[in-house]
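Asker: Using the hints, position chain B with the ligand against chain A.
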Amino acid sequence: MSDDIYREIILDHYRNPRNKGKLSNADVSIHDNNPLCGDEIDIHLKVEEDKIKDIKFEGRGCAISQASASMLTEMIMGKSLNTVKDLTKEDILENIGLINLGPARIKCALLSLKVLKLGMIKYYADKDPPSAMKLSDDTKLY
Amino acid sequence: MQKATLNVSRIRQDFPILKRKIKGNKTLVYLDNAATTQKPIPVINAICNYYMNYNSNIHRAVYQLAEEATLEYEKTREKIAKFINAHSTDEIIFTRNATEAINLVSYSWARTNVEKDEKVVLTEIEHHSNIVPWQILTQEKGAKLEYVGIDDKGYLNIEEYKKYIQRDKVKLVSVSHMSNVLGTIMPVKEIIKMAHQKSIPVLIDGAQSVPHMPVDVRDIDCDFLAFSAHKMLGPTGVGVLYVKREILNEMPPFIGGGDMIREVHKYDTRYNDLPYKFEGGTPNIADVIAFGAAIDYLNKIGMDKVREHEMDVTNYAINAIHDLKGIIIYGPSDVNNRGGVVSFNIGDIHPHDLATIMNDHGIAIRSGHHCAQVLMERLDVAATSRASFYIYNTKEEVDAFINALDEARRLFRI
Ligand SMILES: Cc1ncc(COP(=O)(O)O)c(C=O)c1O
Chain A
79 MSDDIYREII LDHYRNPRNK GKLSNADVSI HDNNPLCGDE IDIHLKVEED KIKDIKFEGR
139 GCAISQASAS MLTEMIMGKS LNTVKDLTKE DILENIGLIN LGPARIKCAL LSLKVLKLGM
199 IKYYADKDPP SAMKLSDDTK LY
Chain B
132 MQKATLNVSR IRQDFPILKR KIKGNKTLVY LDNAATTQKP IPVINAICNY YMNYNSNIHR
192 AVYQLAEEAT LEYEKTREKI AKFINAHSTD EIIFTRNATE AINLVSYSWA RTNVEKDEKV
252 VLTEIEHHSN IVPWQILTQE KGAKLEYVGI DDKGYLNIEE YKKYIQRDKV KLVSVSHMSN
312 VLGTIMPVKE IIKMAHQKSI PVLIDGAQSV PHMPVDVRDI DCDFLAFSAH KMLGPTGVGV
372 LYVKREILNE MPPFIGGGDM IREVHKYDTR YNDLPYKFEG GTPNIADVIA FGAAIDYLNK
432 IGMDKVREHE MDVTNYAINA IHDLKGIIIY GPSDVNNRGG VVSFNIGDIH PHDLATIMND
492 HGIAIRSGHH CAQVLMERLD VAATSRASFY IYNTKEEVDA FINALDEARR LFRI
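In order, the protein sequence lines correspond to chains A and B. To convert, note that position 17 of the first sequence is 95 in our numbering; the numbers rise steadily by one, no gaps. To convert, note that position 328 of the second sequence is 459 in our numbering; the numbers rise steadily by one, no gaps.
Calculated directly from the structure, the hints in this document are not laboratory data. Check the hints yourself; a few may be wrong.
Claimed, not checked - Chain A stretches covered by chain B per the calculated footprint, using a threshold of three residues with CB under 8 Å from any CB of chain B:
1. 80-86
2. 104-116
3. 135-146
Remember, it's a predicted structure, so these values are computed and weren't measured experimentally. We put the beta carbon where it would ideally sit given N, CA and C, even for glycine.
Isolated chain A, as found in the complex (with noise of 0.2 Å):
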């Protein structure tokens, strides 16, 4: 129900969003939006040895989408790539706490992590990824 969604965490992400702008030295940046409803995130990365040393999202949208992508970039920040390639649709409805989201808003949480996956895709598509880290092509998380 919606008391459990529109909790203050998730309208406090909404209103006051974490590493929100752009990033002047990105690595790489990567945009997507749900044709449907029309929320857009644009993710911002700079990595250093593999690991996420900055990000920042830009975005418009709904409350879940735009709070998922404030709250994802604080969970990851400073994490290894190859940790952060594994992040499945159960960890971003774990991280904002929504896991019984239904199929028509469950797009809209997860948006934030899908054009996160496009970014690495593009990041590692002219260089060699770490001996251990095999990078699906696959975005699709829903």
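Answerer: For chain B with the ligand alone, kept in the frame of chain A given last:
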């Protein structure tokens, strides 16, 4: 405005879906009628009856089933011709929906008539289905698209319209009779008169007007009229294109195949008479027949009454939300100039979030760009929420909608 015009509780009994529960125990409040309407029992029964008792292909076979099916199918055509006051059934072409009807005009009429550097004039309120076909056409022909603007309340400036029409090389004017976002009712009669003074034909997108108010093609004198059955109690998969006889006579076929021919030889074909020439292949027989039942249902109520009822409910809704903190209502505030479509935004609640909260209360409203992104850009919003009404909606349902809106404001602390 206090007249008890429709017996709404009687009408509601004909719509089984209105008894449905959502989220466990909430009675459905269906306020997305601009997208599609619910279907009354006679329409549902007509579909069943066809498949159970006289399912067969039309127009060719000589056995009894096929005769019955053909007769019923053609009866719908007669009902539609009467409903919009066309001169003859020859002017009524069945398509899949309003979108296909508009595409039929662009692929058949416009493709043979619009040439390089000529213009098709639209407005900023158009639905994507009255934009994209013209982009495809004008790109193919090296022709041009022009958009007449609207003001902040959603009204057209008729003087500006006139200027567009009076410029050289305008080949077609295409305009929505009623906006599916703002509800604005366009002054189509005036527009058509202006265009005809320059011998320019006019296509009316009647997807939102024909279901909700009386539309008389001889009175407004349009050349083409497109609309969809599913937005007026009928099934999905049926649309109508009305074309004035003298224009239809000159139009090349749209889709080639069976049913649209007289005789076929190896290298050439003689096409069928009007309107069959434009209906290639086996049509959507069951749903066309059921659309006839929908027209009967609307006729029994009377389109004047439909319009009156919607004005009453819309007025009630607009007055109820008008003074809420942070609300923006798009479109005309005078219900005389608008249909039963109310688009709005409230505070920083995104329309998708609002629709989710509404759904908890069993209320179905629409959120998004409503297939009108050109208009959204003009209004400078990414999305709006939209409640749209029909014959079965009540003021109590509007109250339920307001309660849910209060709940959303509480959750978002607005
Ligand atoms: C104004 C308008 N035109 C055209 C259409 C297209 O109707 P359909 O999808 O049935 O072809 C719609 C439907 O949303 C509409 O509102």
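Asker: So which hints don't hold here, by number, going up?
Answerer: none
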